[in-house]
Amino acid sequence: MRGETTHSVVLDPRTAPPFPEAALPILRNTQLRKNVAHATDVIQAKRARLVVEKIDWQELRSAAAAIKNEALAHLDQYLTEFATRCTAAGGHVHWAADGEEARRIIIDILRAEKAAEVIKIKTMTSAEIELNPALESAGIHAIETDLAELILQLGDDEPSHIVAPALHVNRSQVREIFARRMGRADLSDDPEALTAAARSYLRGKFLSADAAISGANFLVAETGAVTIVESEGNGRMCLTLPRTLIALAGIEKVIPRFQDLEVLLQVLARSATGERMNPYSSVWTGVIPGDGPQNFHLVLLDNGRSSILAHPTGRQTLRCIRCAACQNTCPVYRQTGGHAYGSVYGGPIGAILTPQLMHLEHAQSLPYASSLCGACYEVCPVKINIPEVLIDLRAQVVDQERTRTARAFDLMYIAMRLANGVFASAWRFRWAQRFGRLALWPFTRKDGWIHALPSLGGRWTMTRDLRGLPRQSFRDWWAMRAKEKP
Amino acid sequence: MRASLFITCYNDTLFPETGRAVVRLLERLGVTLDFNPEQTCCGQMHANTGFRAEAFSQAKRFVRLYQNAESVVIPSTSCVAMIRDQYPGLLQELGSDGQRKDLDALLPRVFELSEFLTDRLGVDDVGAYFPHRVTYHASCHGLRGLHVGDRPFRLLNKVRGLELIVLENLDRCCGFGGTFSIKNAEVSSAMLSAKLQDVLSTRAEYCTALDNSCLMHLGGALHRGFAAMRTVHLAEILASSESVPAESFA
Amino acid sequence: MNSPSSAQMVILDRVRAAIAGIPAEPDAHPHPGYIRRGELDRHACLELMIERLREYNADVVECMPPDLPDCIEATLRASAHRTFLAPPGLPSDWRVSGFNWKIDTHLSYAEIEACDGVVTAAFAGIADSGTIVLHHSAAEGRRVLTLLPDWHLCILRTSQVVETLPEYFDRCPQPPALATYISGPSATADIEMTRIKGVHGPRFLNVLLVHDDAPGLRSTRNGDLG
Chain V
1 MRGETTHSVV LDPRTAPPFP EAALPILRNT QLRKNVAHAT DVIQAKRARL
51 VVEKIDWQEL RSAAAAIKNE ALAHLDQYLT EFATRCTAAG GHVHWAADGE
101 EARRIIIDIL RAEKAAEVIK IKTMTSAEIE LNPALESAGI HAIETDLAEL
151 ILQLGDDEPS HIVAPALHVN RSQVREIFAR RMGRADLSDD PEALTAAARS
201 YLRGKFLSAD AAISGANFLV AETGAVTIVE SEGNGRMCLT LPRTLIALAG
251 IEKVIPRFQD LEVLLQVLAR SATGERMNPY SSVWTGVIPG DGPQNFHLVL
301 LDNGRSSILA HPTGRQTLRC IRCAACQNTC PVYRQTGGHA YGSVYGGPIG
351 AILTPQLMHL EHAQSLPYAS SLCGACYEVC PVKINIPEVL IDLRAQVVDQ
401 ERTRTARAFD LMYIAMRLAN GVFASAWRFR WAQRFGRLAL WPFTRKDGWI
451 HALPSLGGRW TMTRDLRGLP RQSFRDWWAM RAKEKP
Chain L
487 MRASLFITCY NDTLFPETGR AVVRLLERLG VTLDFNPEQT CCGQMHANTG
537 FRAEAFSQAK RFVRLYQNAE SVVIPSTSCV AMIRDQYPGL LQELGSDGQR
587 KDLDALLPRV FELSEFLTDR LGVDDVGAYF PHRVTYHASC HGLRGLHVGD
637 RPFRLLNKVR GLELIVLENL DRCCGFGGTF SIKNAEVSSA MLSAKLQDVL
687 STRAEYCTAL DNSCLMHLGG ALHRGFAAMR TVHLAEILAS SESVPAESFA
Chain C
737 MNSPSSAQMV ILDRVRAAIA GIPAEPDAHP HPGYIRRGEL DRHACLELMI
787 ERLREYNADV VECMPPDLPD CIEATLRASA HRTFLAPPGL PSDWRVSGFN
837 WKIDTHLSYA EIEACDGVVT AAFAGIADSG TIVLHHSAAE GRRVLTLLPD
887 WHLCILRTSQ VVETLPEYFD RCPQPPALAT YISGPSATAD IEMTRIKGVH
937 GPRFLNVLLV HDDAPGLRST RNGDLG
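These protein sequences, in sequence, are chains V, L and C. According to the working numbering, the first sequence is numbered sequentially starting from 1. According to the working numbering, the second sequence is numbered sequentially starting from 487. According to the working numbering, the third sequence is numbered sequentially starting from 737.
Just so you know, the hints here were simulated from the structure itself, not pulled from any lab data. All values derive from a computational prediction rather than experimental measurement. Glycine is no exception: its CB is placed at the ideal position from the N, C-alpha and C atoms. Hints are not guaranteed to be accurate.
[To be verified] Computed from the model, here is a short list of chain V residues facing chain C with C-beta under 7 Å:
#: 1; residue: L60
#: 2; residue: W95
#: 3; residue: A97
#: 4; residue: R171
#: 5; residue: G233
#: 6; residue: Q259
#: 7; residue: P289
#: 8; residue: G292
#: 9; residue: L309
[Stated by the list, open to error] Below, a list of computed lysine to any residue pairs in the SDA-like style, where the Cα atoms sit at most 20 Å apart:
#: 10; chain 1: C; residue 1: K838; chain 2: C; residue 2: I848
#: 11; chain 1: V; residue 1: K205; chain 2: V; residue 2: E113
#: 12; chain 1: L; residue 1: K546; chain 2: V; residue 2: R417
#: 13; chain 1: V; residue 1: K205; chain 2: C; residue 2: D886
#: 14; chain 1: C; residue 1: K838; chain 2: C; residue 2: P823
#: 15; chain 1: V; residue 1: K54; chain 2: C; residue 2: G774
#: 16; chain 1: C; residue 1: K933; chain 2: V; residue 2: E192
#: 17; chain 1: L; residue 1: K669; chain 2: V; residue 2: T461
#: 18; chain 1: V; residue 1: K34; chain 2: L; residue 2: E672
#: 19; chain 1: V; residue 1: K46; chain 2: C; residue 2: Y792
#: 20; chain 1: C; residue 1: K838; chain 2: C; residue 2: D886
#: 21; chain 1: L; residue 1: K669; chain 2: V; residue 2: A452
#: 22; chain 1: V; residue 1: K383; chain 2: C; residue 2: P759
#: 23; chain 1: V; residue 1: K54; chain 2: V; residue 2: G274
#: 24; chain 1: V; residue 1: K205; chain 2: C; residue 2: S844
#: 25; chain 1: C; residue 1: K933; chain 2: C; residue 2: W887
#: 26; chain 1: L; residue 1: K546; chain 2: L; residue 2: P594
Please model the entire structure based on the sequences and the hints provided.
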């Protein structure tokens, strides 16, 4: 991994290895761990400064959560209102029940426009539905214009972070990718030079593209407006220059009123990039005569969101505004980066969103990819209680397991069931303690510590010693002391 | 003052010296302790691994056992967090009205050790003597679940002879996470490795915390690496005095 | 689309079924516990606006209304550029002589690219974040005018400057159909978190702050003209 590009990475929750397995090779990639730690430290520090400065930060979080809750509680009404107003303003609103339908809608639009090339703004939603490969198959070449996405596209790679998708790639890797794919052997690995190369590479594309594809940060029901925030300006290029614009948005992106942005923009920028406002934020409504794309399509995507909405505990997941503050603070993500989660959504939000989008048919290891430390909940601008959702998802995974015959061979399952039986009575518990002492005695060295255990225990002792079970438990000491007292 | 000690399943089995220290400490402060021998586990391990029904049966047992306790003292922030944060939801979903009522009545009487000392007994200075360099790791459940805040520091600052060295990134998770340490042993170890860098750079003699779970994880790696540092539960520091130093409890 | 598509009906049905169990919130509207109005006096507010603009390398010059055309002329001259775009509604006395003006009457992208810079008005300034707000009126121009050129002079009146983002929202008589919020130069940190400025969009932003709301309120910073 030293200066080479990564091999082609595919993030598909349906086929990705379980988290512990996926994490293993990545843990051995010290370059990536260094990159992730550095990137997340930078953003966290910037965020922390601004949060301290914002004396009404907790009130803003509460307000942001309340706004999103209101939108979700009346989602049918706000979606309909949004669609009506967007259409009245000249936009075409499409509804896609799943990713396949969304891909078909988008390809049909582009074919009707005879667009052979389409420029794209970074949108995780399009990665979620695997849009780019589908476009390629349909003979439509998609060009990512966000610098990070461009790096990933040219490097046949996948995003590892929601806001800074290429944070696992270092400058010499970028240089190598650009040299190979842009034909720029002259480039140094100076980020300034690399960015300039991307700028000139994309300039021509912006001016000649017939169509653009974007996501959306917020859809305003009150007016039918779409809001996109960004740093580079490639968004403005894509939203303004081509003739046709297609915006793809999950149904949970709807907010009730334009004025709700006064809360959401404040919390989003600080959480995502540690800025008071993103360098560029754009609001547009349908088609504006004489300004920008005269052919605007908005694709509303369900793809599992409505089933998350039905779940009392999981519903809060849909409040997410994709700021990635949870990823930046997560001590697990810090060591593994995003690819280990096997999904375009990684880190804490990925651990709850991906399994739910998959209806828990896949990605069942993700809810366990957490030590439940709660740091994510602390920073979430819309107060998603991620640990609560993780625990709830774990309960759902176990309930699935209870019905499978394979559980009889699952050591962990058996151990948990046994333990429950043991905890049901003090008598059993005391005997289990004695049995444990006996069973561990052969593994206990002279210094009273255990250095190696078999089976599940070996997962502990691979990196940690375990002090041998003391001869006398606390309750035995207490009982003995009570006997000794007059 | 009376209080019931809930020792926790893992302290009982693996760290009885912490329990002995709690007894010594609280009795020294004039508390009459009782120990219900029927106690086993609070159900956290099962709840956090997804075994809700099992966790519920342990939860309702706990509530039943301590119905009449004046106070319940628990030397483990994760267990108290389980009782405060998860028991209400468990009993809401699986329990009866009566059980929920009993829980509501019990919750205000449940204390983590440092909470019991500073809030219930109203003391910062517990008369402790522990002449060593010590660093403190903020266990996640205590930090973010219980909001213990500066209680441990107030207590540590009054310990005679103790030199407290602030741990960098003290609020970063050590990587234990219960069954996470087994199910995701490699990632858990990577997090531990990062934590150890900060812990070892304090050059303290002891690393302390409010939870033996974190300390078992940290201490296990310190022992594996022959590090010149040991872990010790805060209770043992606080129970330590000139006449009865911490080592004698082991 | 006239009749709802089947996907629309499927999705809305799913959504309705999903939200049926959500208990009604007693107070549906967000609680305004957060700060809406700023506490700075006008002078401090304008100072803050200037400070934030300069933090992101915008060039800020202040002037009084009668001196505006001279200030524009000096700023354009200092840029060493010759050809400037003007939105169709830009006041004619802002199109100072001595320069090549191209008024945007459906100019092509090539014609826009051929210009060195653009001069526009603005809708508002938000001091807290140093944000320039464009609602793309006739004097502000369509979006491409402030996107393609590398150099942008924005003429902002002090009466347009508010302290907080919520105050800006209060200023809008109704929600704008079109808006662009500029709070920094285009920037990326995508390569090893190294902040590089000026990726796409104008790399040079100049702001002429015209003191039109309170006489004699001038900062003592460099760049004072007139």
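Here is what the structure says about each hint:
1. L60: holds (5 Å)
2. W95: Hint on W95 (chain V): holds, closest Cβ of chain C at ~4 Å, below 7 Å.
3. A97: Since chain C brings a Cβ to about 5 Å from A97 (chain V), closer than 7 Å, the hint holds.
4. R171: holds (5 Å)
5. G233: holds (3 Å)
6. Q259: holds (5 Å)
7. P289: Violated, about 10 Å.
8. G292: holds (6 Å)
9. L309: Nearest chain C Cβ about 4 Å off; hint holds.
10. C:K838 x C:I848: holds (9 Å)
11. V:K205 x V:E113: Measuring from Cα to Cα gives roughly 17 Å; hence the hint holds.
12. L:K546 x V:R417: Distance ~17 Å between K546 (chain L) and R417 (chain V) Cα, so the pair holds.
13. V:K205 x C:D886: holds (17 Å)
14. C:K838 x C:P823: Between K838 (chain C) and P823 (chain C) the Cα gap is close to 9 Å, so the pair holds against 20 Å.
15. V:K54 x C:G774: holds (12 Å)
16. C:K933 x V:E192: Roughly 9 Å between the alpha carbons, so the hint for K933 (chain C) and E192 (chain V) holds.
17. L:K669 x V:T461: Holds. K669 (chain L) to T461 (chain V) sits at ~13 Å (cutoff 20 Å).
18. V:K34 x L:E672: holds (17 Å)
19. V:K46 x C:Y792: holds (15 Å)
20. C:K838 x C:D886: Holds, because 15 Å separates the two Cα atoms, which is no more than 20 Å.
21. L:K669 x V:A452: This hinted pair holds, its Cα atoms lying about 17 Å apart.
22. V:K383 x C:P759: holds (19 Å)
23. V:K54 x V:G274: holds (12 Å)
24. V:K205 x C:S844: Holds. K205 (chain V) to S844 (chain C) sits at ~16 Å (cutoff 20 Å).
25. C:K933 x C:W887: holds (14 Å)
26. L:K546 x L:P594: Satisfied, since the Cα-Cα distance of roughly 16 Å is no more than 20 Å.
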